[in-house]
Amino acid sequence: MTQPLRHIVEPDPAWDWTEEVDDVLVVELSWPPDALAGRLDELVASPALVAALTSGGITGFRTAGARGVYREDSFDVDPDTPPPPLTRLLVGDDPAADMSYAAHTGLSVSQRTLEILRTHCERLGS
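Counting from 139, one number per residue, gives the positions in the sequence shown under the numbering used here.
Mixed in with the good hints, there may be bad ones.
[Claimed, not checked] Here are the in silico distance ranges between beta carbons for each label pair:
(1) Glu-253 <-> Asp-218: 35 to 43 Å
(2) Pro-185 <-> Arg-256: 13 to 21 Å
(3) Arg-261 <-> Val-207: 17 to 25 Å
(4) Asp-216 <-> Asp-154: 17 to 25 Å
(5) Ala-240 <-> Glu-260: 21 to 29 Å
(6) Asp-218 <-> Ala-240: 34 to 42 Å
(7) Gln-249 <-> Asp-216: 32 to 40 Å
(8) Arg-177 <-> Arg-256: 18 to 26 Å
(9) Thr-219 <-> Val-162: 14 to 22 Å
(10) Pro-220 <-> Trp-155: 12 to 20 Å
(11) Arg-177 <-> Pro-223: 18 to 26 Å
In short, the hints are calculated from the structure, not lab data.
Beta carbons are placed, not taken as given, at the ideal position from N, Cα and C, and that holds for glycine.
Can you build the whole structure from these sequences, using the hints too?
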């Protein structure tokens with residue numbers, strides 16, 4: 139049986155530091171993040187992207203709390219700019235799901251997931 143086409147994507151690496159505080163992923167943003175941002179399996183998304191993934195029936199992830207904070211030296215950010223709202227994406231390891239994460243390959247997505255990501259993301263590497 140032929141395996142469905144998968145794409146490896148590289149989210150915007152918009153931060154250098156994260157910390158879990160009361161079950162919320164806090165990310166120190168180096169610049170305004172893309173709709174999907176992250177490093178390795180720590181991923182965050184904009185509420186609009188999460189809504190699009192959910193309404194599109196995308197499988198393989200669940201959500202949790204996330205919060206961004208800007209540093210004093212963040213790029214392309216005015217000093218009083220509030221960080222954007224973020225949602226944490228917890229991606230599973232089931233290769234049959236629309237989204238999956240494996241340490242040796244990274245974030246793998248189905249064709250229909252890639253189409254949604256391309257609609258919402260400006261800096262998506264694939």
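Hints, verified against the model:
1. Glu-253 <-> Asp-218: 35 to 43 Å: Since the Cβ atoms of Glu-253 and Asp-218 sit about 36 Å apart, the hinted range of 35 to 43 Å holds.
2. Pro-185 <-> Arg-256: 13 to 21 Å: holds, 18 Å
3. Arg-261 <-> Val-207: 17 to 25 Å: holds, 20 Å
4. Asp-216 <-> Asp-154: 17 to 25 Å: Roughly 20 Å apart at Cβ, these two residues keep to the hinted range, so it holds.
5. Ala-240 <-> Glu-260: 21 to 29 Å: Given about 26 Å between the Cβ atoms, the range holds.
6. Asp-218 <-> Ala-240: 34 to 42 Å: holds, 41 Å
7. Gln-249 <-> Asp-216: 32 to 40 Å: holds, 38 Å
8. Arg-177 <-> Arg-256: 18 to 26 Å: holds, 21 Å
9. Thr-219 <-> Val-162: 14 to 22 Å: holds, 20 Å
10. Pro-220 <-> Trp-155: 12 to 20 Å: Since Pro-220 and Trp-155 have Cβ atoms about 19 Å apart, the given range 12 to 20 Å holds.
11. Arg-177 <-> Pro-223: 18 to 26 Å: Taking Cβ atoms as reference, Arg-177 and Pro-223 lie about 19 Å apart, which means the hint holds.
Checked against the numbered hints above, the structure breaks none of them.
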